[in-house]
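**Student:** Produce the entire structure from the sequences given, and follow the hints as far as they go.
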Amino acid sequence: MEVTINTIFAVQGVRHLTDSSYIVRMDRKGMIFVPGQNLNLGLAGDPEKRDYSIYSRLQDNFLDILVKEVDDGLVSKKLKKLKPGDSIEVDGPFGFFTIKDEDISTKKFLFIASGTGIGPFHSIAGSYPELNYKLIHGVRNRKETYEKDHYPAGRYISCISKDKKGDFRGRVTDYLRQNPVDPDTLCYLCGNVNMIYDAFDILKEQGVPSGNLHAEVYF
Amino acid sequence: MKYHVLTLGCQMNMSDTERTKPVIERMGYEWTDNEDEASLLGILACSVRQKAIDKVYSRISKWNKLKNKKNLLTFATGCILPSDKDRFLKLFDIVFPMSELNELPEMISQYGIVTPASLKFPQNGGNGHEKFNVKEFNEKAALLKLNEHIPDFWHISPSYKSPFEAFVPIQNGCDKFCTFCAVPFTRGREVSRPSEEIINEIQSLIERDYKSITLLGQNVNSYGLDKKGEEISFPGLLRKIGELGKNSGKEFWVYFTSPHPRDMSDEVIEVIAAYPHLAKQIHLPIQSGDDKVLIRMNRKYSVEKYGEIVKTIRRLIPEATLFTDIIVGFTGETDEQFENTRKAMYDFNYNMAYIAQYSQRPGAVSSRWIDDVRHEVKKERFHRLTRDLEKTSAAHNKLMIGKTYRVLVRGLERKGDFLSGLTEGRINVRISSTDISLVGKIVGVKITSSTDFSVAGEMI
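For the protein sequence lines, the chains are A and B, in the order given. For what it's worth, the working numbering labels the leading residue of the first sequence as 48, then goes sequentially. For what it's worth, the working numbering labels the leading residue of the second sequence as 5, then goes sequentially.
Among the hints, erroneous ones may be present.
Stated by the list, open to error - Derived DMTMM-like pairs: lysine to aspartate or glutamate, alpha-carbon spacing no greater than 25 Å straight-line: (1) Lys450(B) - Glu417(B); (2) Lys147(A) - Asp339(B); (3) Lys231(B) - Asp148(A); (4) Lys89(B) - Asp98(A); (5) Lys251(A) - Glu417(B); (6) Lys231(B) - Glu194(A); (7) Lys147(A) - Glu235(B); (8) Lys395(B) - Glu271(B).
To be clear, the hints were calculated from the coordinates, so they are not data collected in a lab.
**Tutor:** Written as structure tokens, this is what we have:
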């Protein structure tokens with residue numbers, strides 16, 4: 048199946064992770080995607096659509112997306128209310144926030160996420176079990192660490208800014224300052240633009256060439 | 005029975021108009037420049053800026069008033085945002101995606117106005133008087149994939165506006181999702197035109213002595229990628245066109261616009277270098293010279309990566325002219341980030357840059373953000389960058405003095421004192437002659453003087 052446009056996918060269910068973040072699961076319908084890509088979707092017949100990274104793995108026979116409810120959001124609030132059997136209109140997959148096949152077994156990866164920016168990394172890490180990576184996840188509290196048990200021990204590091212229950216107390220940028228990155232590491236950043244800008248500067252200061260920096264901004 | 009079409013926006017829309025006209029004319033309509041005497045009025049809409057959308061509303065309001073006086077049919081096509089389509093359907097008689105242009109005669113014949121066209125194209129044994137069912141069409145259109153019928157559109161033989169310069173569409177739509185742009189939502193996703201058709205169209209243009217052929221698409225250098233190996237790649241297409249040129253024994257130049265730096269491979273540059281008919285002019289939109297702004301724009305390349313492409317161009321095609329597009333005052337752009345763009349202007353030493361002050365484009369992701377760079381600041385940055393461009397462009401032009409260039413003569417200058425033309429590198433040339441028999445020909449010109457954005461010379 049190639050890129051799909053205006054195609055109706057059936058919802059399998061909505062799994063609530065916190066009060067304002069949830070996973071929408073839908074049929075996969077044989078969609079071929081590269082982990083890290085996104086879908087542009089909305090309710091069937093609704094002209095409003097938004098981009099969401101694919102959260103599920105290559106080997107899953109369903110598609111998951113991780114959604115953060117946005118105040119006054121025109122799409123996220125509607126997605127929250129979906130019921131099994133409801134229809135979603137999907138375009139995609141799109142995007143280039145992916146890793147090269149030849150790098151999977153040869154390179155070291157650093158994934159840096161804030162909030163639901165962990166979505167594409169969940170898909171990448173789950174799809175390539177042999178990947179040598181570390182995932183740094185910046186969130187406000189422990190609830191937002193989402194499904195951290197999905198990652199092998201030692202791979203996932205939560206950076207929690209508002210309580211002491213994380214692996215690291217503070218922001219991802221604080222973590223990066225205290226734990227300099229080997230410049231050969233391929234760094235992937237996903238989340239809000241301010242975190243990406245700050246992390247980008249820190250990594251550049253630590254000598255990571257811009258060719259090793261890849262960013263996907265969530266707006 | 006006369007018609008008039010208003011074309012708004014870019015070269016893609018102009019090229020689309022060249023295919024729209026013959027379809028309408030096959031129904032028996034004749035072109036008129038005067039809207040008041042037309043019985044069919046159409047718009048090729050553009051959704052890049054709010055101003056262009058406002059123009060559509062203003063024009064249809066005028067046309068709908070004309071309907072009180074006469075039998076008039078109106079249509080809208082082109083780049084239309086999903087959010088505007090419903091409103092357009094209430095204002096226009098017919099609204100359709102460009103990919104369904106082939107069905108326009110059918111839509112007109114079904115509309116319910118007795119015209120020679122409706123008599124000529126009766127539907128399903130009908131009498132041509134049935135009212136076109138807007139609701140049904142709307143529902144159908146909503147379900148249609150935006151580019152599903154684009155191959156049919158490409159089969160239409162265009163009526164080229166110029167006898168010596170032509171646009172050839174090779175690809176439609178965009179998958180890049182730059183945050184400032186709504187093209188993926190108005191033109192749909194990337195679809196490549198079959199290479200055989202492109203080659204045939206170019207061959208026919210060569211036979212008719214066309215001198216300048218521009219391959220058009222939103223992302224020309226991602227040509228073929230949507231076909232997953234079943235179509236040649238962009239360099240492969242260029243190579244075939246280069247071979248056509250070699251075998252033709254004629255002088256002409258083939259350009260392409262616009263490429264995306266992300267897909268600009270060394271192979272593309274190598275092929276341009278290898279074939280004389282592939283013009284040594286490269287338009288490579290940078291949009292910003294700052295990595296963080298590029299991230300926010302979702303451009304998916306860094307300034308460093310862009311610089312590597314420019315280096316390869318300079319190494320393999322030192323004579324190439326380099327053009328770009330730049331947006332100043334994009335949401336969140338700081339003074340420091342703007343200074344990085346100014347630096348890029350000098351580092352990459354452009355011959356020409358199309359500089360735009362950022363404005364929110366309806367439907368684009370960035371239209372949901374606060375446009376937080378003040379208008380005066382954008383204006384000031386625009387002027388500063390234009391002054392920078394004047395310097396780089398003037399320096400290039402000065403180096404042309406005393407050299408001889410092949411120049412395509414395009415017409416008389418407005419005052420009628422000189423001929424105007426373009427070099428292969430698309431530098432404007434004023435030629436000291438008024439011989440209009442040279443229009444459409446490529447002639448040798450020795451450059452004698454230069455200004456910031458043009459040169460002047462004598463024919464040799």
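**Student:** Next step is simple, just say for each hint if it's right about the structure.
**Tutor:** Hints and how they fare:
| no. | hint | verdict |
| --- | --- | --- |
| 1 | Lys450(B) - Glu417(B) | 18 Å, holds |
| 2 | Lys147(A) - Asp339(B) | 35 Å, violated |
| 3 | Lys231(B) - Asp148(A) | 20 Å, holds |
| 4 | Lys89(B) - Asp98(A) | 21 Å, holds |
| 5 | Lys251(A) - Glu417(B) | 51 Å, violated |
| 6 | Lys231(B) - Glu194(A) | 37 Å, violated |
| 7 | Lys147(A) - Glu235(B) | 23 Å, holds |
| 8 | Lys395(B) - Glu271(B) | 31 Å, violated |
The structure does not agree with the numbered hints 2, 5, 6, 8 stated previously, though it agrees with the rest.
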